[in-house]
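J.: Between the sequences and the hints, there should be enough to build the whole structure, so can you do that?
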Amino acid sequence: MKQLEFTIVDPLGIHARPAGQLCKAVGTMGSAVKLAAGEKEVDARRIMSVMGLGIKGGATVRFTLEGESEEADAEKLAATLQEIGLV
Numbered sequence: 001m002k003q004l005e006f007t008i009v010d011p012l013g014i015h016a017r018p019a020g021q022l023c024k025a026v027g028t029m030g031s032a033v034k035l036a037a038g039e040k041e042v043d044a045r046r047i048m049s050v051m052g053l054g055i056k057g058g059a060t061v062r063f064t065l066e067g068e069s070e071e072a073d074a075e076k077l078a079a080t081l082q083e084i085g086l087v
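Anchor point for the sequence shown: position 32 equals 32 in the numbering used here, and the numbering is continuous, going up by one each time.
FYI, nobody ran anything at the bench for these hints, they're computed from the structure.
Keep in mind that this is a model prediction, so the values were computed, not measured.
Please note: incorrect hints may appear among the correct ones.
Computed Cβ-Cβ distance ranges for the label pairs, DEER-style [what the hints assert, rightly or not]: (1) Gln82 with Gly54: 21 to 29 Å; (2) Thr28 with Gly85: 14 to 22 Å; (3) Glu68 with His15: 19 to 27 Å; (4) Glu83 with Glu5: 14 to 22 Å.
Glycine included, C-beta positions come from ideal geometry on N, C-alpha and C.
T.: Here you go:
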């Protein structure tokens, strides 16, 4: 299991467009990926679940990856979050 924490820098937080991009990228990963904000944790492949967290700019989020490719997927996830401007 691999965990990553990030602070969301996009002032709008994780809204529809970046949530869609995030879920699309996570969907290509071999690992199971969970996204947590506060007490809630959801499957990062499900856009409505991700948006339902209501993550605002400045919030700290945690991704948990589990699977054989978790190390490579963690690197890909970090790069994706930077590319779409969330971190």
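J.: State for each hint whether it applies.
T.: To see whether the hints hold, each was checked on the structure:
Between Gln82 and Gly54 the C-beta distance comes to about 22 Å, which sits within the given range of 21 to 29 Å. At about 19 Å, the CB distance of Thr28 to Gly85 agrees with the hint of 14 to 22 Å. Taking the beta carbon of each, Glu68 and His15 are about 32 Å apart, not inside 19 to 27 Å as hinted. The hinted window of 14 to 22 Å between Glu83 and Glu5 holds, with their beta carbons roughly 18 Å apart.
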